[in-house]
Amino acid sequence: MSNELVNAMADLERNKVYEIVRNEIEKNTDPLKIIEWLSQGLKKIGEYFDKKEYFLAELITGGDIFESIYQEIKPILKKKNVNAQIKGKIVLGTVQGDVHDIGKNIVKTILRVSGFHVEDLGVDVPPERFIEALKQTESKVLALSALLTIAIDSVEEIIKLLRKEGLRDKVKIIVGGSAFSKELVKNLDVDAFGIDPMDALKKCQQFLV
Amino acid sequence: MPLKMHENETMTPRERVEACLSIKEPDRVPIVPAFHCAQARLTGMTVEEFFFDIPKAYEATKKVWDMFGGFDIYSGGSPKFGYYAPIPNSHSMMYFDWTLPKGNIPEQMHEKEIMKREDYDLVIKKGFKPFIKRPEVQKDFVKCLIETSKLDTREWLKEMDVMPLAEAFIEPPVDMISFLRSFNKFLMDVVEIPDKVITACEATEKELLRTLDPQFKSAKREGAMQMCLFGFSRIATNHISPKKFDLFWPHIKRISEYIIKNGFIVQYHIDNDYTDVLEYFTEFPKGKIMFHLDLTDIFKAKEILGDRACLMGNIPPQITGRGTPKDVEKYCKKQIEGCMEGGGYMLCSACVLPDEIPAENLKTMKDCVMKYGFYKN
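Protein chains in written order, with the working numbering: chain Y, 1 to 209; chain B, 210 to 586.
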């Protein structure tokens, strides 16, 4: 294991991470190994976040560093006909009536860099679109984001539609965003509430891995 | 005739609020509904109608006032002209992309990276002027001012001896920068180039403080509440560590001191969670600051700052907008009983009331101060 890369990633030393990765690519190191080392670094970031040594800012920075390296490595993976292992598929979006996407995008990055395929439907997504995406991608997890409490009406519509389509028991629903609270989700037919991006990741891992 | 909402009251709303601001026990806990556009749905209008029609919004606010028998602080009317304000702040359409209300869907910002990382030097040199996108909104702002000046708000409030929520407003450079950069980019800047961020904040302080001077001048009239709303949301400790907040504290402190020096009370409207950095605010003397809290733990705030700062808040929108009256009463009772001792507490929403608040929930909030909020003196 390249401890230097793992530690540089965990310490959020962007330029050092880029330098080490470029050196490894030049040495023809297996790109999947590079991703594995970066994932180890990301795992440490998650641990620091849980211990309140790192905060949201550090989490976002780590995710961004990983994502930018992954975009560089993707062509190499494609050329070598190698696929990074997908741990599971998730459909994600901000519900109808709400255009806020900051939290959604943070969670998307964390899920993607952790090995999940995320189908991001964007913002102000009508309920039917979520159902369509679930059917098309055969995803088992639906992640709904909302900042406005008024948008919770849309969450209830989605749940109704899932039941109508016979999909409710085939899909796990996780919600997140400022519209929700632990008390409020008790009254919603959802399976989880992600209180922060790492919590959302853990819950999706529990559903899928 | 001063507004009286209960037979046991011995103070006018102004006297009650002033006692709270001085950390003295009033006759009862004040009730402060921080309205956004809730008056629209409560009176059968759409949010869109309320937002765009200033006189109609004022009439709706007065109607709500009558429906509920009044409140201890006035916050109301259309929030429209905040979006046309020609001063650097996150709500200004002069700088940012906002979708204005449609039907009952409220206004929302389309946040994106307007300022690049390489633009920090431009901000340090030239401030926020290079980022003005829509200078023409100043004309709309003037129209709003003219329309608002035709209303009889001041006379109506004077008659009831009720004060408005604030007479002046400022958002610090750090928040302005965070919105120009967009949230994620800003947080990465705080991690990777904090010194640059701080330098840009310091370089633009004067530009923002200058926007206060005409507001202070206008507020220095007889009977006006000497309160200045100082709003920030991005350097909360659910976003950045207390260590990083420490870097921004001198910046926040300088702006606060300017407000206080000009004879105003700083009303911190601090959305998100600042529980872990409340100690910083103990640097200010008693009665010069107050807090409108959102996610910050109000009980912790009472413990740390209760001897020097009035606290207002912070019933969450999930309770007021989506809970039952029983849920509202339970939450409000716990907060009133936990925070009222010694004065310096006002029952209010976390940030603003949700637009969809049912009438019975707003009534329950007010009933709670009448039921649980009287002092035994």
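FYI, nobody ran anything at the bench for these hints, they're computed from the structure.
Bear in mind that the values here come from a model prediction, so they are computed numbers and not experimental data.
Do not rely on the hints blindly, as some may be mistaken.
[Stated by the list, open to error] Capping the alpha-carbon separation at 25 Å, the derived lysine-lysine pairs in DSS-like fashion look like this: (1) Y:Lys51 with Y:Lys164; (2) B:Lys348 with Y:Lys44; (3) Y:Lys87 with Y:Lys27; (4) B:Lys535 with Y:Lys52; (5) B:Lys367 with Y:Lys44; (6) B:Lys453 with Y:Lys74; (7) B:Lys394 with Y:Lys16; (8) B:Lys535 with Y:Lys182; (9) B:Lys543 with Y:Lys182; (10) Y:Lys16 with B:Lys325; (11) B:Lys452 with Y:Lys16; (12) Y:Lys182 with B:Lys452; (13) B:Lys359 with Y:Lys16; (14) Y:Lys79 with Y:Lys44; (15) B:Lys359 with Y:Lys182; (16) B:Lys405 with B:Lys359; (17) Y:Lys43 with B:Lys453; (18) B:Lys233 with Y:Lys43; (19) B:Lys325 with Y:Lys43; (20) B:Lys426 with Y:Lys186; (21) Y:Lys52 with B:Lys348; (22) B:Lys539 with Y:Lys51; (23) B:Lys426 with B:Lys348; (24) B:Lys348 with Y:Lys186; (25) Y:Lys186 with B:Lys542; (26) B:Lys233 with B:Lys509; (27) B:Lys367 with B:Lys271; (28) Y:Lys51 with B:Lys452; (29) Y:Lys87 with Y:Lys44; (30) B:Lys271 with Y:Lys51; (31) Y:Lys16 with B:Lys426; (32) Y:Lys182 with B:Lys539; (33) B:Lys509 with Y:Lys52; (34) B:Lys543 with Y:Lys52; (35) B:Lys542 with Y:Lys51; (36) B:Lys453 with Y:Lys186; (37) Y:Lys44 with B:Lys359.
[As the list claims (entries may be wrong)] Computed beta-carbon distance windows for the label pairs: (38) Y:Leu167 with B:Lys342: 29 to 35 Å; (39) B:Thr491 with Y:Thr29: 30 to 36 Å; (40) B:Gly551 with Y:Gln85: 55 to 61 Å.
Glycine is no exception: its CB is placed at the ideal position from the N, C-alpha and C atoms.
Hint check results:
1. Y:Lys51 with Y:Lys164: Given pair lysine 51 of chain Y, lysine 164 of chain Y is violated - Cα atoms ~42 Å apart, limit 25 Å.
2. B:Lys348 with Y:Lys44: 53 Å, violated
3. Y:Lys87 with Y:Lys27: 28 Å, violated
4. B:Lys535 with Y:Lys52: 35 Å, violated
5. B:Lys367 with Y:Lys44: 60 Å, violated
6. B:Lys453 with Y:Lys74: Roughly 34 Å separates the two Cα atoms, so the pair is violated.
7. B:Lys394 with Y:Lys16: Within the cut-off at roughly 20 Å; holds.
8. B:Lys535 with Y:Lys182: This hinted pair holds, its Cα atoms lying about 17 Å apart.
9. B:Lys543 with Y:Lys182: 18 Å, holds
10. Y:Lys16 with B:Lys325: 22 Å, holds
11. B:Lys452 with Y:Lys16: Status holds; Cα separation ~24 Å.
12. Y:Lys182 with B:Lys452: 29 Å, violated
13. B:Lys359 with Y:Lys16: Outside the cut-off at roughly 62 Å; violated.
14. Y:Lys79 with Y:Lys44: 30 Å, violated
15. B:Lys359 with Y:Lys182: With Cα atoms ~45 Å apart, lysine 359 of chain B and lysine 182 of chain Y exceed 25 Å; violated.
16. B:Lys405 with B:Lys359: Violated. Lysine 405 of chain B to lysine 359 of chain B sits at ~45 Å, over the 25 Å cutoff.
17. Y:Lys43 with B:Lys453: 23 Å, holds
18. B:Lys233 with Y:Lys43: Violated. Lysine 233 of chain B to lysine 43 of chain Y sits at ~51 Å, over the 25 Å cutoff.
19. B:Lys325 with Y:Lys43: Not OK: lysine 325 of chain B and lysine 43 of chain Y at ~29 Å, beyond 25 Å, violated.
20. B:Lys426 with Y:Lys186: Given that 25 Å is the threshold and the Cα spacing comes to 50 Å, the pair is violated.
21. Y:Lys52 with B:Lys348: 48 Å, violated
22. B:Lys539 with Y:Lys51: At roughly 33 Å apart (the allowed maximum being 25 Å), lysine 51 of chain Y and lysine 539 of chain B break the hint.
23. B:Lys426 with B:Lys348: Cα-Cα ~22 Å, so holds.
24. B:Lys348 with Y:Lys186: With Cα atoms ~48 Å apart, lysine 348 of chain B and lysine 186 of chain Y exceed 25 Å; violated.
25. Y:Lys186 with B:Lys542: 22 Å, holds
26. B:Lys233 with B:Lys509: 19 Å, holds
27. B:Lys367 with B:Lys271: At roughly 14 Å apart (the allowed maximum being 25 Å), lysine 271 of chain B and lysine 367 of chain B satisfy the hint.
28. Y:Lys51 with B:Lys452: 15 Å, holds
29. Y:Lys87 with Y:Lys44: Satisfied, since the Cα-Cα distance of roughly 19 Å is no more than 25 Å.
30. B:Lys271 with Y:Lys51: Violated. Lysine 271 of chain B to lysine 51 of chain Y sits at ~50 Å, over the 25 Å cutoff.
31. Y:Lys16 with B:Lys426: 53 Å, violated
32. Y:Lys182 with B:Lys539: 16 Å, holds
33. B:Lys509 with Y:Lys52: Answer holds: lysine 509 of chain B to lysine 52 of chain Y is near 19 Å, not above 25 Å.
34. B:Lys543 with Y:Lys52: Measuring from Cα to Cα gives roughly 29 Å; hence the hint is violated.
35. B:Lys542 with Y:Lys51: Roughly 34 Å separates the two Cα atoms, so the pair is violated.
36. B:Lys453 with Y:Lys186: Distance of about 35 Å is beyond 25 Å: violated.
37. Y:Lys44 with B:Lys359: Since the Cα atoms of lysine 44 of chain Y and lysine 359 of chain B sit roughly 61 Å apart, the hinted pair is violated (cutoff 25 Å).
38. Y:Leu167 with B:Lys342: 29 to 35 Å: 43 Å, violated
39. B:Thr491 with Y:Thr29: 30 to 36 Å: 54 Å, violated
40. B:Gly551 with Y:Gln85: 55 to 61 Å: 60 Å, holds
This entry does not satisfy hints 1, 2, 3, 4, 5, 6, 12, 13, 14, 15, 16, 18, 19, 20, 21, 22, 24, 30, 31, 34, 35, 36, 37, 38, 39, going by the numbered hints stated previously.
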